[in-house]
Every structure is written in C-alpha cells, then in structure tokens.
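> As you go down the protein sequences, you meet chains A and B in turn.
Sequence positions in the first sequence follow numbering that gives the first Met the number 0 and run 0 to 147.
Sequence positions in the second sequence follow numbering that gives the first Met the number 0 and run 0 to 424.
If you are wondering where the hints come from, they were derived from the structure by calculation, not from laboratory data.
It is possible that some hints are incorrect.
[Claimed, not checked] Here are the simulated BS3-like pairs of lysine-lysine, each with C-alpha atoms no more than 27 Å apart in a straight line:
| # | chain 1 | residue 1 | chain 2 | residue 2 |
| --- | --- | --- | --- | --- |
| 1 | A | Lys-77 | B | Lys-150 |
| 2 | B | Lys-6 | B | Lys-72 |
| 3 | B | Lys-155 | A | Lys-9 |
[Said to hold, decoys possible] Simulated restraints on C-beta separations:
| # | chain 1 | residue 1 | chain 2 | residue 2 | range |
| --- | --- | --- | --- | --- | --- |
| 4 | B | Val-27 | A | Glu-101 | 50 to 56 Å |
| 5 | B | Met-341 | A | Glu-135 | 47 to 53 Å |
| 6 | A | Glu-101 | B | Asp-172 | 36 to 42 Å |
This one's a predicted model, so the numbers in the text were calculated from it and none came from an experiment.
Virtual Cβ for every residue (Gly too), placed ideally from N, Cα, C.
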Amino acid sequence: MAISNDKEFKSALAGLSASQQRQVAARFVQRVFVLSGDVRVKAALDFAARADITDADLTVVSQAANSARVESFTQCGKETDWTAQGGHFVAKAAVACVKAAEPADNLAWEAAMQARMARTCETVATGEGTENTEAEEQYRILEAFLNS
Amino acid sequence: MSASLEKGVRVLKEVIDAPIASYFSSCVHCGLCAEACLFYTETGDPKYTPIHKLEPLRRLYEQEYTLLGRLGKLVGLSKPVTDDELEEWKELVYNSCTLCGRCSAVCPVGNDIVYMVRKFREGMSASGHAPEGIIGAVNRTVTIGSPMGVKLPAVKAQMKHVEEDYGLPIPLDAEGAEYMVMLSSMEIINFPEYLAAIAKIMHQAGKTWTLCSTAFEATNAGMQIGNSDLAKLLVMRIVDGAEKLKVKTVISPECGHAYTALRWEGANLIGRPFTFKVQHIIEVLGEFQEQGLLKTEGFETDKLTFHDPCQLARRGGVIKQQRNLMNMVSKNFVEMPDAGYMNWCCGGGGGASAIEEGEELRMEAFKKKKSQLDVVKPDRLVTACANCRIVLEEGLEHYQMDIPVLGLTELIAEHIPDQTSEKGA
Chain A
0 MAISNDKEFK SALAGLSASQ QRQVAARFVQ RVFVLSGDVR VKAALDFAAR
50 ADITDADLTV VSQAANSARV ESFTQCGKET DWTAQGGHFV AKAAVACVKA
100 AEPADNLAWE AAMQARMART CETVATGEGT ENTEAEEQYR ILEAFLNS
Chain B
0 MSASLEKGVR VLKEVIDAPI ASYFSSCVHC GLCAEACLFY TETGDPKYTP
50 IHKLEPLRRL YEQEYTLLGR LGKLVGLSKP VTDDELEEWK ELVYNSCTLC
100 GRCSAVCPVG NDIVYMVRKF REGMSASGHA PEGIIGAVNR TVTIGSPMGV
150 KLPAVKAQMK HVEEDYGLPI PLDAEGAEYM VMLSSMEIIN FPEYLAAIAK
200 IMHQAGKTWT LCSTAFEATN AGMQIGNSDL AKLLVMRIVD GAEKLKVKTV
250 ISPECGHAYT ALRWEGANLI GRPFTFKVQH IIEVLGEFQE QGLLKTEGFE
300 TDKLTFHDPC QLARRGGVIK QQRNLMNMVS KNFVEMPDAG YMNWCCGGGG
350 GASAIEEGEE LRMEAFKKKK SQLDVVKPDR LVTACANCRI VLEEGLEHYQ
400 MDIPVLGLTE LIAEHIPDQT SEKGA
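All chains should be built: construct the whole structure from the sequences, respecting the hints.
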C-alpha cells in the first residue's frame with residue numbers, strides 16, 4: 000500500500016488496532032528521540048513497540064512519560080530553547096504512544112503530529128529553515144509496517 | 000539613599016494618584032482580603048494579607064500626603080522606605096501576588112488592591128527590585144519583541160506546520176481581514192494546536208482573519224513587571240499592526256494578561272480610542288455560537304470541569320460564554336466550588352510563573368485548586384489561558400493528580416467536522 004498524503008495516512012492508522020497503533024507510533028517517535036534523551040520517554044517507546052504490553056505496563060510507563068512531558072514545558076516568561084522544546088514534543092508524542100486508548104482515538108496519528116512538531120522545533124533551533132520531510136518519512140514507516 | 004532607590008521612591012510618589020489615596024484612607028483594616036488570597040489561605044502566614052503587601056507604599060503615602068504622616072516623618076516616628084525593605088517586599092509584591100483580583104472583589108469599601116499592587120510594582124521595578132525572571136522576560140521583550148524570545152521565523156515555522164499537517168491556510172498580513180489574531184508566546188511554543196483550532200473555526204464560520212508579522216505577540220511584560228512606558232509601547236505595536244492591516248477586530252488569545260493589557264488598559268495607555276474592537280477568543284467563539292456560525296458534532300461524555308482564568312472571568316467579566324461553549328460539546332460538565340467570578344487563581348498569573356524562586360510557594364498555594372478539584376473529581380480539566388494550563392499541569396503533577404488539562408478553543412475545534420483539503424485530515 001502506497002501512502003502519499005495525510006488523509007490516506009490518517010485513515011490507514013485509524014484502521015489499526017490499538018496495539019498496532021502503539022507499535023507504529025513508537026517507530027515514528029524513535030526517529031526524533033535524539034531531541035529528548037529522557038530515560039522515561041525511552042522506556043515508554045520501548046514498551047509501546049512491544050506487541051505483548053499489558054495494561055499495568057502502560058499505566059506505569061504512561062505516568063513516567065507524562066512527568067517528562069510536564070517537566071519539559073517552556074514556562075511562561077522563560078527564554079525558549081527550541082532544542083529542549085523539541086524534547087518536550089518528543090515526550091508528548093511518547094505519551095500518545097502509551098496512553099489508555101478509547102475506541103475513537105487515533106493514538107498513532109497524535110504521536111505522528113507531535114513527532115513532526117518536535118522536528119519543526121529542531122529546524123527553528125538550528126536556524127536551517129523550516130523544511131523537513133518528517134511526514135514523508137512517516138508514510139514510509141507506515142508502509143513498511145503494513146507490509147511486514 | 001542609592002540612586003536606584005531614589006528613583007524608585009520618586010516613581011512611587013508619582014504613582015500615588017487619587018484612587019490610591021482614597022483607597023488607603025478608606026481601608027478599614029477588616030482583613031477580608033486575607034481570606035480571599037490563596038497565598039494567605041494556604042500558608043496561614045499573615046504577611047500574605049493583600050493590603051499588607053502594600054505597606055511601604057502606604058507609609059510613603061502617609062509621609063508625603065497626610066498631615067500626621069508628615070509630622071511623624073519629621074520627628075522620626077515613621078521610618079523611611081529603604082532598599083532592604085523593598086527587597087524584602089519583592090516576594091510579597093511579585094511571587095505571592097498573581098494580580099488575580101479576588102482581594103479587590105471582596106473589599107467592602109471597594110478598594111482595588113490589584114490596581115495598587117500594579118502601581119507599587121512600578122516603583123519596585125524602577126528601584127531595581129523586580130525578580131530576575133520577570134526582568135529577563137522584559138529584556139527579551141525590548142530586544143527581541145517577545146518575552147520568551149520568539150521571533151517571526153519561529154511563528155512562520157509553526158504556521159507551516161499547521162498548514163501542512165492540518166491542511167488549513169494561515170493568512171499573514173492580509174489587509175482588510177475582519178479579524179487579526181494575536182498569539183501568546185506560550186501558544187507558539189507549547190500549544191501550536193491553538194493556531195490550528197483558530198484556522199478550523201474561522202474556516203467554518205466563513206470569516207476572514209490574519210496574523211500580523213509585526214504584531215503577533217500579545218503578551219505584555221510591561222504590565223507584569225510594572226512599567227507603563229513599556230506596556231504602552233507593546234500595546235502601540237499591536238495598534239500599529241491592526242491599523243496598518245485595517246482589521247475590524249483584534250482577538251486576544253488564551254492569555255489572561257494579554258487580554259487585560261489590550262482590552263481594558265490599552266486605550267488608556269496610548270491615550271486615545273482604538274479604531275478596532277478587542278475581544279478575547281472566548282468572546283468571539285461565544286458570538287459565533289450565538290450567530291449559528293459554530294457547528295459542532297458529538298459530545299464528550301467524561302466528566303469535565305472548567306477553570307476560569309482570573310483576567311477573563313473576574314477582571315474581564317466573561318463568564319457565561321465559556322459555559323455555553325462547554326455545554327455545546329459536553330454531556331457531563333460540572334462546576335467546581337467558587338467557579339466563575341470568584342474562582343481561585345491557578346497561582347501563576349501576573350508573572351508569578353516566571354519566578355523560579357517562587358515555585359515552592361506556588362505549589363503550596365496550589366492546594367487551593369486541589370481542594371476545588373477534589374470536590375468534583377473531574378476526568379479532565381478545561382481552561383482558556385495557556386499560562387494557567389501549564390501551572391495547572393505542574394500543580395497536578397506535583398500532587399500526583401491524574402487529570403489531563405486542555406484548552407477550550409482546541410476542544411471546540413475538535414468537535415468541528417473535518418472540512419480540510421486533500422492534504423489535511
């Protein structure tokens with residue numbers, strides 16, 4: 000299956016089970032994990048990537064990843080470090096990977112969007128313009144996942 | 000007396016205007032303001048009594064403008080204001096006052112204590128006794144144009160993210176647009192979803208809107224530190240942008256002080272009426288709802304409650320709109336005790352959240368919000384201020400309360416049916 004735009008991307012993600020969504024979402028986020036480096040975020044991604052994750056595991060790693068997300072907010076009035084802010088969005092994406100899922104949720108889409116946001120922050124930090132190909136990379140990851 | 004203290008005292012004398020004189024002379028020392036302040040109720044320390052936070056200013060008022068005070072000063076019965084005293088008061092005037100206005104609301108003689116604190120901050124700032132965190136924000140506002148150092152390329156990057164990933168156009172410098180949308184740095188940095196929500200809502204409502212490249216930042220650090228010249232400069236930047244683009248309405252974002260600065264103080268600061276209307280985004284959404292321009296589908300079924308930002312509800316009088324909006328998308332909206340006009344502050348307004356050394360006290364004060372939440376036990380907490388949102392998240396994390404926090408504008412946008420181009424979803 001070839002994916003060429005976000006409509007197809009979102010629709011394909013919505014067709015996956017919650018466990019599959021977590022697995023593919025973890026792959027999206029692993030691409031930008033370098034911007035975070037937080038061990039709690041890494042643990043969340045490692046668990047999300049597993050097909051045998053339990054609800055108890057999810058609760059533990061979700062709480063820890065959420066702490067990483069809250070701690071990495073840029074507070075009002077503080078000078079912005081865009082690289083660190085990229086780390087915040089990585090944590091936010093990781094939370095999406097492991098949060099409790101409602102039937103209508105599209106966890107993987109949410110994680111994908113936050114991962115793109117992390118990459119956008121990186122481009123602001125480096126001052127190298129706003130071009131990034133994260134969306135296309137995510138399409139390829141999903142294609143590979145669906146074909147595996 | 001040091002040069003900076005001399006300057007500060009001069010500024011303090013200048014800010015004692017007729018309202019301040021009448022407030023000091025009419026205070027009946029009843030202490031009701033103490034019970035209205037979360038820094039007092041949660042610590043029990045009488046130094047956090049709001050009117051006490053103004054003690055150096057009160058003494059100066061008596062020494063300069065009352066007969067007994069002048070006599071007292073002459074014979075050495077009334078102490079002069081010193082640098083050490085102002086330094087000690089820094090915690091009271093900045094860290095433990097969020098300008099939430101609850102004290103002003105309960106004062107039986109109608110003293111606007113917030114007005115007095117803001118005037119006191121002018122002297123504190125001039126004498127070099129403002130907290131480092133707020134000074135840093137002010138310096139960045141002067142040199143970069145934003146308290147958090149956000150420049151136009153960062154805004155453009157977020158615009159591009161929203162345009163590409165949500166498939167919605169974000170107009171920039173569109174002359175003649177009906178609405179000019181302002182952002183707070185917090186929304187640009189932490190909550191880019193807000194911009195996507197605006198795009199979605201405006202698209203559905205069929206309204207023309209724009210961002211302004213020379214005036215995208217709504218936050219007013221001048222108001223927070225107590226520097227009316229800077230506050231005026233920042234308002235003027237927005238006025239220039241809005242007049243250049245000939246917009247009809249400027250929309251203040253989900254940021255409390257940005258709204259107060261522009262909506263309630265702006266015209267007085269620049270000394271003339273605006274040529275455009277100013278509305279908070281929640282007021283705009285309320286209007287769209289009334290006019291049938293906001294069409295949502297589906298309902299949230301978990302238990303939601305709403306935290307009223309002080310500047311919006313108490314200082315701005317916007318109370319009904321957010322409730323109508325909540326009920327539009329929620330089947331289980333519950334109110335916290337004291338919700339609405341007398342809601343308790345998150346503890347981080349008025350620049351307090353930018354003060355690192357005030358964090359421990361903020362967490363102590365957050366017990367008030369915790370007690371409100373403990374009564375209703377919501378599944379999620381909705382608000383309409385980006386700063387409240389982060390302060391709430393930090394407090395909830397500190398007290399290990401698992402209650403997700405979300406913005407009302409985004410919540411509404413989530414219930415608007417998809418209407419985007421092929422690229423977006």
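> Tell me the numbers of any earlier hints that the structure contravenes, in ascending order.
As far as the earlier hints go, not one is violated by this structure.
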